[in-house]
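Take these sequences, add in the hints, and give me the full structure.
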Amino acid sequence: MSVSFVEAVRAAALAYVLIFILYPIGYFTVFVLSAERAVEMVRLLGSDLFLSSLKNSLIVSFSTTALTALLGLPYAYFIHRYNIPGKKFVLSAAFLPTMIPPFVGSLAVIYLLGRFGTVNLVLLDLGVISRPINFIYGLHGVVFVQVLALFPWVAINVYNNLLKIDRTLEEAAETLGASPFRRFFTITLPATIPGLATGVFMVFSFSFTDYATPIVLGQYELLAPQAFVNIQQAIDESRVRAGAYMVFFMLAVVVFTFLASKKYITLKEYASLRPPRPIEEIELSGLKKAGVVAFVYALLTLALLPHAFVFMISISKAWSLTPLPTAVTLENFSRALGNWKPIANTALYASLGTLFCFLLGTFAAYIVARTHHTINTVVDAALSMMFVVPGIVVGTSYLLAFRRELPIVGVLGATWLIMPLMLATRRITYTMRYSYATYLLLRRSLEESAYVLGDRPFTTFARIVMPNAIHGILAGTLFSFVEIINELTASLFIYKPGWETVTIQMFIETIAGRMPVAAAYAVLLLISSTVIAYTALALAAKTH
Amino acid sequence: MVSVRIENVWKVFGKVTALSGVSLDVKEGEFVTLLGPSGCGKTTLLRVISGLYKPTRGKVYFDDEDVTDKAPWERNVGLVFQDYALWPHMTVFENIAYGLKLRKLPRNEIKERIVETSRMLGIEELLDRYPHQLSGGQQQRVALARALVINPSVLLLDEPLSNLDAKIRVSVRAEIKRLQKTLKITTVYVTHDQEEALTISDRVAVMNHGVIEQVGSPLEVYYNPKTLFVADFVGQVNILKGNVKASDQERQLLYVETEVGAILTRNTGDIGEGDSAYLLFRPESVEICAKPCSGGDDTTMLEGIVDFVQFLGNTARIDVDVSGAKLRVEVHNPLRSGLASPGEKVYLRIPADSVRLLRATGAEQ
Chain A
-16 MSVSFVEAVR
-6 AAALAYVLIF
4 ILYPIGYFTV
14 FVLSAERAVE
24 MVRLLGSDLF
34 LSSLKNSLIV
44 SFSTTALTAL
54 LGLPYAYFIH
64 RYNIPGKKFV
74 LSAAFLPTMI
84 PPFVGSLAVI
94 YLLGRFGTVN
104 LVLLDLGVIS
114 RPINFIYGLH
124 GVVFVQVLAL
134 FPWVAINVYN
144 NLLKIDRTLE
154 EAAETLGASP
164 FRRFFTITLP
174 ATIPGLATGV
184 FMVFSFSFTD
194 YATPIVLGQY
204 ELLAPQAFVN
214 IQQAIDESRV
224 RAGAYMVFFM
234 LAVVVFTFLA
244 SKKYITLKEY
254 ASLRPPRPIE
264 EIELSGLKKA
274 GVVAFVYALL
284 TLALLPHAFV
294 FMISISKAWS
304 LTPLPTAVTL
314 ENFSRALGNW
324 KPIANTALYA
334 SLGTLFCFLL
344 GTFAAYIVAR
354 THHTINTVVD
364 AALSMMFVVP
374 GIVVGTSYLL
384 AFRRELPIVG
394 VLGATWLIMP
404 LMLATRRITY
414 TMRYSYATYL
424 LLRRSLEESA
434 YVLGDRPFTT
444 FARIVMPNAI
454 HGILAGTLFS
464 FVEIINELTA
474 SLFIYKPGWE
484 TVTIQMFIET
494 IAGRMPVAAA
504 YAVLLLISST
514 VIAYTALALA
524 AKTH
Chain B
53 MVSVRIENVW
63 KVFGKVTALS
73 GVSLDVKEGE
83 FVTLLGPSGC
93 GKTTLLRVIS
103 GLYKPTRGKV
113 YFDDEDVTDK
123 APWERNVGLV
133 FQDYALWPHM
143 TVFENIAYGL
153 KLRKLPRNEI
163 KERIVETSRM
173 LGIEELLDRY
183 PHQLSGGQQQ
193 RVALARALVI
203 NPSVLLLDEP
213 LSNLDAKIRV
223 SVRAEIKRLQ
233 KTLKITTVYV
243 THDQEEALTI
253 SDRVAVMNHG
263 VIEQVGSPLE
273 VYYNPKTLFV
283 ADFVGQVNIL
293 KGNVKASDQE
303 RQLLYVETEV
313 GAILTRNTGD
323 IGEGDSAYLL
333 FRPESVEICA
343 KPCSGGDDTT
353 MLEGIVDFVQ
363 FLGNTARIDV
373 DVSGAKLRVE
383 VHNPLRSGLA
393 SPGEKVYLRI
403 PADSVRLLRA
413 TGAEQ
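Protein sequences appear in the order of chains A and B. Here the first sequence stands for residues -16 to 527, numbered as in my numbering. Here the second sequence stands for residues 53 to 417, numbered as in my numbering.
Take these hints with a grain of salt, some might be off.
In silico lysine-lysine, DSBU-like type, Cα no more than 35 Å apart, as pairs [unchecked claim]:
#1 Lys163/B x Lys122/B
#2 Lys246/A x Lys71/A
#3 Lys147/A x Lys246/A
#4 Lys229/B x Lys79/B
#5 Lys246/A x Lys67/B
#6 Lys79/B x Lys111/B
#7 Lys278/B x Lys233/B
#8 Lys156/B x Lys233/B
#9 Lys79/B x Lys163/B
#10 Lys156/B x Lys525/A
#11 Lys293/B x Lys278/B
#12 Lys67/B x Lys245/A
#13 Lys79/B x Lys153/B
#14 Lys147/A x Lys67/B
#15 Lys525/A x Lys153/B
#16 Lys278/B x Lys153/B
#17 Lys293/B x Lys343/B
#18 Lys525/A x Lys163/B
Chain A stretches covered by chain B per the calculated footprint, using a threshold of three residues with CB under 8 Å from any CB of chain B [what the hints assert, rightly or not]:
#19 427 to 433
#20 440 to 451
Computed Cβ-Cβ distance ranges for the label pairs, DEER-style [claimed, not checked]:
#21 Glu388/A x Lys111/B: 53 to 61 Å
#22 Leu152/A x Asn215/B: 27 to 35 Å
#23 Lys79/B x Arg427/A: 30 to 38 Å
#24 Ala174/A x Glu272/B: 39 to 47 Å
#25 Asp77/B x Ala445/A: 33 to 41 Å
#26 Asp217/B x Leu152/A: 24 to 32 Å
#27 Asn215/B x Ala174/A: 26 to 34 Å
#28 Lys70/A x Gly188/B: 35 to 43 Å
#29 Met449/A x Glu117/B: 27 to 35 Å
#30 Gly269/A x His141/B: 49 to 57 Å
#31 His184/B x Leu152/A: 29 to 37 Å
#32 Glu117/B x Arg427/A: 22 to 30 Å
#33 Leu146/A x Glu396/B: 35 to 43 Å
#34 Glu168/B x Ala445/A: 28 to 36 Å
By construction, these hints were calculated from the structure, which means they are not laboratory data. For each residue, glycine too, the CB sits at the ideal point set by N, CA and C.
Okay, structure coming up:
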């Protein structure tokens, strides 16, 4: 055998990781840290605008992170522990806010809480106030939108963590005489720290680097919008550099936060191998029950309110200075669907990107799960890292690195292929994690028994491994697909006219003030994402 | 059918040496068991024979052909895994047919051979089922059928009975032995269960810490253990350390001074006066009496106090304190001989012929 199946896969995976992860991020780092630019960067980092932007960014991201933790933790704990009416719905509805780009929330919030939004108009009508209250224009508005969109990340991660706690852990504490209160603080809460840390990190990282939400709410004096405007809209190279420095600074903060919380973060813990014995649900009664149910449903309602409003905006014909639309229409949808280019682009890029995820995830996860090699470690680390690298960093790195002519591939940034390649690279982690977890569940002896019967590695992979792993791999691939069609923050940096995706078009429409059309796109996107995500969950359930 | 020759095989995983210079010959049609505690390297050796592991050093021959560098798919071995490794997405028929299809046999021949093999194993009714619809014992037979149907040069079995419950284990054990004799197939069997090894094998290779300590027939390894480890691992044994004080050339006897007093043993080796040695004797070879046992020449008489009694049904194990040392005695049919109680004074009689002598090298644990 000249080149074995495993060696071929390993080489291909390494080539992909080198070209599409290590090269752009490495190029970006070198670009920023080169001697003459480092001086320029230090000067920029000392400027008043930078410092005030940093201050605002930190205020927003810390507030958002703290509030999402305060809301997400009890939300997860309550639905895990107590028998809440409509539990299944409450559980799955929590995923909805994660299925459209968070900036869409600001669209809804403008109609709901804007100066002449529903709430202000109702209060004015009732004579409670004489002048509109500023609910959202300011840092507090950014925090509000982000908290509603991001608290599910904390809730989902903590909930998954709670599922892994074996009943005996708590029973042991109880038999030793721990009261429920003591048990919660000494056993249950410490056991959820990894999930909480993962959720909190994801929220912080997103909030700190989110530019779309602040821009839609008119808040430009934050780091991310500053960087975005400098890089994306300036023709002047010195402003691009200024933006790049800010992005690099944000990357440094995110990486630092990640490293600081790394010992708690469960990125590597792909899946638990044996389902633990679940904790028994507690049936609440009286005031306690009312309190718990009220908290869960109030939070869920608040989180889904933007979705309801986006839907209303999408079917509104005329809606100004009234609490609710005065006429409904499907015209916004026909305008959205009439501009078929973004939809076609999304379909093309997402299909191609998902195919890359499927191929790379399927094979790379297999060699990582089954063989030992230094290259495996590099491939695995690089692909997992993409989960942590913020979109703004990926966008900037790709923009800078692929506008140069490279051997063989040429100027990749000038062809639309860069879009699906970037999208696949940014969202590969989902396919990778699901595939890896699936392979771990598959006993190695299944393959070995094929080998001794005379089968070779590639055909064994096709005939024995794939039929047993396909559900898990497809589930991961579909999650990658959902995340690809919702990608905005990196795409906005590298797209060129004609390459607009649905999310980019939504952003363009929103900035141009054509909210109803943007909302129509958002509704279409949300429906597609929901259908695909639930298909993926059904597939994932089949693997067990 | 082939013979298997393993020559000075080493297998190193990072910092762990799993096999250190193992050599073993398995004759054509022979049933050899690799016996040892977990981590002793027996499964590693089996996987080296199958080709799933490539040895770090050393050679593996099938007949006179060097197969060391051959991949598992080039060796034509049948391997039954501890977890059976039946493919869950295939029926029993498809599982068994897999190896035959790879050998590009015509469809009707595949069918014939599967019918024949499954009849031999009593699973012909199960061919349409999926593995999850089978009991543990049935899965085990399917795994065996899948390995046997390709007419392997060597049959390898990795603890195939460990997932079955005790009663089924005994019957399947007998069946494997019967099949192997009928098919005359060269077989290497891995187990940590000494009873299984003794009942099923032509020869047993006792392994410890990556080396084979002794290879021999079940009788040999039981009655003539070459090392303390073999004596201790295969069956129960009393071990006493002592010095040879005197020898009686005429009766071929040695008097060995130990912590419980002088013990008589038959002089069979090169150990003589002044040597230090270990004395080994099996609990079942010791007679226990309530009064001084009726003599006979060439025996050692000891007295002690019963310390602990374990009643096991057909036998009883009695630990007796003799001058501070614990000696174990096994009594068959305890009802007839009567069970001693802790604290009771008893007398022990050890025939010189049942005491083995091993030279103390100082390297023992």
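These are the hints, each one checked on the structure:
Taking the CA atoms of Lys163/B and Lys122/B, the gap is about 29 Å. The hint holds against a cut of 35 Å. Proposed proximity of Lys246/A and Lys71/A is supported: the alpha carbons are some 32 Å apart, at most 35 Å. Between Lys147/A and Lys246/A the alpha-carbon distance is near 18 Å, which keeps this suggested pair within the 35 Å criterion. For the proposed pair Lys229/B and Lys79/B, the alpha carbon gap of about 16 Å is at most 35 Å, so the pair holds.
Of the supplied pair hints, the one linking Lys246/A and Lys67/B holds, its CA atoms being roughly 27 Å apart against a limit of 35 Å. The straight-line distance between the Cα atoms of Lys79/B and Lys111/B is roughly 16 Å, inside the 35 Å bound, and the hint therefore holds. Simply put, Lys278/B and Lys233/B have alpha-carbon atoms about 28 Å apart, close enough for the 35 Å limit, and the pair holds. Taking the CA atoms of Lys156/B and Lys233/B, the gap is near 28 Å; set against the 35 Å cutoff, the hint holds.
For the hint pairing Lys79/B with Lys163/B, the CA-to-CA distance comes to about 32 Å; that is within 35 Å, so the pair holds. Among the hinted pairs, Lys156/B with Lys525/A is consistent with the structure: their alpha-carbon atoms are about 34 Å apart, no more than 35 Å. Taking the CA atoms of Lys293/B and Lys278/B, the gap is near 16 Å; set against the 35 Å cutoff, the hint holds. Between Lys67/B and Lys245/A the CA atoms are separated by roughly 28 Å; this keeps the pair inside 35 Å, and the hint holds.
Simply put, Lys79/B and Lys153/B have alpha-carbon atoms about 30 Å apart, close enough for the 35 Å limit, and the pair holds. Using a Cα cut-off of 35 Å, the hinted pair Lys147/A and Lys67/B holds, with the two alpha carbons roughly 33 Å apart. For a cut-off of 35 Å, the pair hint linking Lys525/A to Lys153/B stands: about 29 Å separates their Cα positions. The hinted pair formed by Lys278/B and Lys153/B fails the criterion: a straight-line CA distance of about 47 Å is larger than 35 Å.
With a C-alpha separation of about 27 Å, the suggested pair Lys293/B and Lys343/B falls inside the 35 Å cut-off, and the hint holds. For the hint pairing Lys525/A with Lys163/B, the CA-to-CA distance comes to about 32 Å; that is within 35 Å, so the pair holds. With 5 residues having a beta carbon nearer than 8 Å to a beta carbon of chain B, the segment 427 to 433 of chain A meets the requirement of three or more and the stated coverage holds. Beta-carbon proximity to chain B at under 8 Å applies to 3 residues in the segment 440 to 451 of chain A; the threshold of 3 is reached and the given coverage holds.
A hinted range of 53 to 61 Å for the beta carbons of Glu388/A and Lys111/B is consistent with their spacing of about 54 Å. Hint check: Leu152/A to Asn215/B, Cβ distance near 29 Å, so the stated range 27 to 35 Å holds. One distance hint, 30 to 38 Å for the beta-carbon pair Lys79/B and Arg427/A, holds here, with the actual separation near 31 Å. For Ala174/A and Glu272/B, the Cβ-Cβ distance of about 55 Å falls outside the hinted range of 39 to 47 Å, so the restraint is violated.
The hinted window of 33 to 41 Å between Asp77/B and Ala445/A holds, with their beta carbons roughly 39 Å apart. Between Asp217/B and Leu152/A, the C-beta spacing of about 31 Å keeps the proposed range 24 to 32 Å intact. Taking the beta carbon of each, Asn215/B and Ala174/A are about 32 Å apart, inside 26 to 34 Å as hinted. Take Lys70/A and Gly188/B: their Cβ atoms lie about 37 Å apart, and the range 35 to 43 Å holds.
About 34 Å separates the C-beta atoms of Met449/A and Glu117/B, a value consistent with the hinted range of 27 to 35 Å. Between Gly269/A and His141/B the Cβ separation comes to about 51 Å, which falls inside the hinted range of 49 to 57 Å. For His184/B and Leu152/A, the Cβ-Cβ distance of about 31 Å falls inside the hinted range of 29 to 37 Å, so the restraint holds. Between Glu117/B and Arg427/A the Cβ separation comes to about 28 Å, which falls inside the hinted range of 22 to 30 Å.
Range check, Leu146/A to Glu396/B: about 58 Å between beta-carbon atoms, so the 35 to 43 Å window is missed. One distance hint, 28 to 36 Å for the beta-carbon pair Glu168/B and Ala445/A, holds here, with the actual separation near 29 Å.
Taken one by one, the earlier hints fail for this structure at numbers 16, 24, 33, listed in ascending order.
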